[in-house]
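2 protein chains.
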Amino acid sequence: MEILKKDSQTKARLGKVHTPHGIIDTPVFMPVGTQATVKTMSPEELKTIGAKIILSNTYHLFLRPGHELIKKAGGLHKFMNWDGAILTDSGGFQVFSLGDLRKITEEGVEFRSHIDGSKQFLNPEKAIEVQMALGSDIVMAFDECIPYPCTYEYARKSTDLTTRWLERCKKALVTTDKQSLFGIVQGGMFKDLRKKSAQDITQLDLPGYAIGGLSVGEPKDMMYEVLEETVPLLPENKPRYLMGVGSPDALIEGAMRGIDMFDCVLPTRIARNGTALTRYGKVVIRNAEYAMDLSQLDPTCSCYTCTNYSRAYLRHLLKADEILGLRLMTIHNLHFLLNLMEEIRQAIREDRLIQYKKDFFSDYGYEK
Amino acid sequence: MEILKKDSQTKARLGKVHTPHGIIDTPVFMPVGTQATVKTMSPEELKTIGAKIILSNTYHLFLRPGHELIKKAGGLHKFMNWDGAILTDSGGFQVFSLGDLRKITEEGVEFRSHIDGSKQFLNPEKAIEVQMALGSDIVMAFDECIPYPCTYEYARKSTDLTTRWLERCKKALVTTDKQSLFGIVQGGMFKDLRKKSAQDITQLDLPGYAIGGLSVGEPKDMMYEVLEETVPLLPENKPRYLMGVGSPDALIEGAMRGIDMFDCVLPTRIARNGTALTRYGKVVIRNAEYAMDLSQLDPTCSCYTCTNYSRAYLRHLLKADEILGLRLMTIHNLHFLLNLMEEIRQAIREDRLIQYKKDFFSDYGYEK
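Protein chains in written order, with our numbering: chain W, 2 to 369; chain H, 2 to 369.
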């Protein structure tokens, strides 16, 4: 990646990540399109709010509709009509989230499908095969996501397994499509394991590195500490991706610690539950207080929703179970986060990220 | 309305209906936006598929979010961000559909809300008051929709009640917004009652007339017979609106019998259930046969859905309960019907509606 500018007071950096489907300005937030669609959104709407890269999911697409179909369709970009960049998660996180429904061995993971209970198997080779069929621009390694809390011994063994699996992933990725494999640093909340993981996987000289196993229930301060320990161990000139993080405060804190890429279902999920992210904090639009409120959702926002509709109309749509309500809330929340990232990039460009954070947290109502 | 052209072999006519929110080319199909939104669609998408007028509903908006709120918002157009024309149904049909939950008297109808069971009351004056608050371009009279089957005696009394209510509606509509009141011909399936109803209500010299109480379970041939008897009793220079009809065959048959306006929830409802209307008949996209079908939904269609997505992708979205699937199916079905109406208008313009019907029915697979 190109590093255009570094913030002088923090570890934040302004960059560009090149992919076969476009150049991504970083730090970037990637909307999540688990099942080959960012929930409620059309590709054109994603472009309108400024999305250049989205995330999709190996686990889900492997089970339904199947990667063979998507390959036959010419890859995931064509199948879902998205010509921007796509990063695909490996399925590791989803498989491990199944709990008792899966069994991990050196070879891989046997699990039961959440859709029909059928017996399935994923391992590094299979996860890469699926992602080659999908044709994603950025391919994530098949890893084990360590739960929190977790014993040192479990974390140590698991982290080493993730490293051995990464070597298998690298061998398995044989592609002419310029797909980039990202390795994933694990190690739980243990500093020495994080350090060993980072050292082991960076030896493979991959095009990018992710930090996994955070935002899994640990206190936020612990996450920030792990980031402060781990990020400096990753190469300067490669993108750093913090997986599964997307609250406004964590995006700013992450960027300040040198993270370039983020993803999270939070903005789209809470949108569908009727909660808007706004400059002045969350607005639970279903609440009775908004029933007669004809003002715009976020007075500082220029998105399609805020430009054309009132809080009362949004509330009406949600109360009446109308799909347009879910669409409008999703457009707003994603626009809000992508705009936040643009503001973060601008603040880095102008060397005032610390001040930006202070102002944002004050408006939003964060305590720190 | 302006009549631009009459078909020489049928009663069909090509026209223009002027409203405060634009000129409507007729025959026209009006998408239904019951709760101040055409389900799944944005106003811009409605415009893209060529919609100039939509239908919304007094009953639903009266109960939720309430017409006072919509009035405060500057009317329904502003509330829902739709600057095209709006016709509002009076609530009559919905109230009578409540069955045991309502009681009809000369004064009006007492009923229980389908939302919270609360006791409510609508009568001609209230239905008009609500529609004045909504600011709809075309205001429907508050009528009683006669069920099928029904005794002659019930139909006779009910039809006379509808006429008396229409007189009250006309008196109640005091507006500076150029809202047009349409009366509704009732009379059940009885020719003499239809005739009396048409004669009685046309004496009120209203800007338009609807034919209600059809497509309520009677055989289609019976509906066409009633149309053939009733339409000639309506004034030549006023729009004629056949309420609640929207299957492709009935749109063609209705236009041939001199109908100018139609509405129906069918295309949007079956879209959400996974059924597409296409030139070659219905396609139930959820069916397993489309799982690997990468062809377009309707090979003759130029809509956004058919241009950009495959049957297999649509099926995947619907199977995975993804909202984009409901959106894409709705866009297609509405585009299909609005395009069908454009083809009907073109056929009238070129005096070849009979041939058009023959070709369409042959492609679609209708028996007659």
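Do not rely on the hints blindly, as some may be mistaken.
Which copy is meant is left open, so a pair is good if it fits within one copy or across any two.
Unchecked claim - Straight-line alpha carbon distances no greater than 25 angstroms define the calculated DMTMM-like cross-link-like pairs of lysine to aspartate or glutamate that follow:
1. K104 with D84
2. K79 with E46
3. K120 with D322
4. K73 with D294
5. K73 with E343
6. K79 with D193
7. K79 with D26
8. K320 with E46
9. K79 with E237
10. K320 with D222
11. K221 with D101
12. K79 with E290
13. K73 with D364
14. K73 with E154
15. K79 with D294
16. K73 with D322
17. K73 with E229
18. K120 with E351
19. K320 with D84
20. K79 with E168
21. K359 with E344
22. K196 with D84
23. K12 with E219
24. K17 with E111
25. K72 with D322
Rather than coming from a laboratory, the hints here were simulated on the basis of the structure.
Against the structure, the hints:
1. With identical chains, the CA atoms of K104 and D84 are never at most 25 angstroms apart, being 37 angstroms at best within one copy and 58 angstroms at best between copies.
2. Taking the closest pair of Cα atoms, K79 and E46 come within 25 angstroms of each other both inside a single copy (17 angstroms) and across two copies (22 angstroms).
3. Proximity of K120 and D322 under a CA criterion of 25 angstroms is satisfied inter-copy only: 22 angstroms between copies versus 36 angstroms inside one chain copy.
4. Taking the shortest Cα distances, K73 and D294 sit within 25 angstroms of each other only across copies (10 angstroms), while inside one copy they are farther apart (50 angstroms).
5. Taking identical chains as interchangeable, the C-alpha atoms of K73 and E343 are never at most 25 angstroms apart, the minima being 36 angstroms within one chain and 36 angstroms between chains.
6. In this assembly of identical chains, the alpha carbons of K79 and D193 never lie at most 25 angstroms apart, being 43 angstroms within a copy and 60 angstroms across copies at closest.
7. In this assembly of identical chains, the alpha carbons of K79 and D26 lie at most 25 angstroms apart only when taken from the same copy (23 angstroms versus 37 angstroms across copies).
8. Taking the shortest alpha-carbon separations for K320 and E46, both the intra-copy value of 24 angstroms and the inter-copy value of 23 angstroms come in at or below 25 angstroms.
9. Taking the shortest Cα distances, K79 and E237 never come within 25 angstroms of each other, neither inside one copy (33 angstroms) nor across copies (52 angstroms).
10. In this assembly of identical chains, K320 and D222 lie within 25 angstroms of each other by CA distance neither inside one copy nor across copies; the values are 37 angstroms within and 41 angstroms between.
11. Taking identical chains as interchangeable, the C-alpha atoms of K221 and D101 are never at most 25 angstroms apart, the minima being 27 angstroms within one chain and 57 angstroms between chains.
12. In this assembly of identical chains, K79 and E290 lie within 25 angstroms of each other by CA distance solely across copies; the values are 21 angstroms between and 44 angstroms within a copy.
13. In the homo-oligomer, the alpha carbons of K73 and D364 never lie at most 25 angstroms apart, since the shortest distance is 49 angstroms inside one protomer and 30 angstroms across protomers.
14. In this assembly of identical chains, K73 and E154 lie within 25 angstroms of each other by CA distance neither inside one copy nor across copies; the values are 44 angstroms within and 64 angstroms between.
15. In this homomeric assembly, K79 and D294 come within 25 angstroms of each other (Cα to Cα) only across copies, at 14 angstroms, whereas the closest approach inside a single copy is 42 angstroms.
16. With identical chains, the CA atoms of K73 and D322 are at most 25 angstroms apart between copies only, with a shortest distance of 23 angstroms across copies and 36 angstroms within one.
17. In this homomeric assembly, K73 and E229 never come within 25 angstroms of each other (Cα to Cα): the closest approach is 44 angstroms inside a single copy and 53 angstroms across copies.
18. Taking identical chains as interchangeable, the C-alpha atoms of K120 and E351 are never at most 25 angstroms apart, the minima being 53 angstroms within one chain and 62 angstroms between chains.
19. Taking the closest pair of Cα atoms, K320 and D84 come within 25 angstroms of each other only across two copies (24 angstroms); inside a single copy the shortest separation is 35 angstroms, beyond that limit.
20. In this homomeric assembly, K79 and E168 never come within 25 angstroms of each other (Cα to Cα): the closest approach is 30 angstroms inside a single copy and 59 angstroms across copies.
21. For a Cα distance limit of 25 angstroms, the shortest separation of K359 from E344 inside one copy, 13 angstroms, qualifies, whereas the shortest one across copies, 60 angstroms, does not.
22. Proximity of K196 and D84 under a CA criterion of 25 angstroms is satisfied in neither setting, with 37 angstroms inside one chain copy and 60 angstroms between copies.
23. Proximity of K12 and E219 under a CA criterion of 25 angstroms is satisfied intra-copy only: 23 angstroms inside one chain copy versus 74 angstroms between copies.
24. In this homomeric assembly, K17 and E111 never come within 25 angstroms of each other (Cα to Cα): the closest approach is 38 angstroms inside a single copy and 65 angstroms across copies.
25. Only between protomers do K72 and D322 lie at most 25 angstroms apart by alpha-carbon distance; the minimum there is 22 angstroms, versus 36 angstroms within a single protomer.
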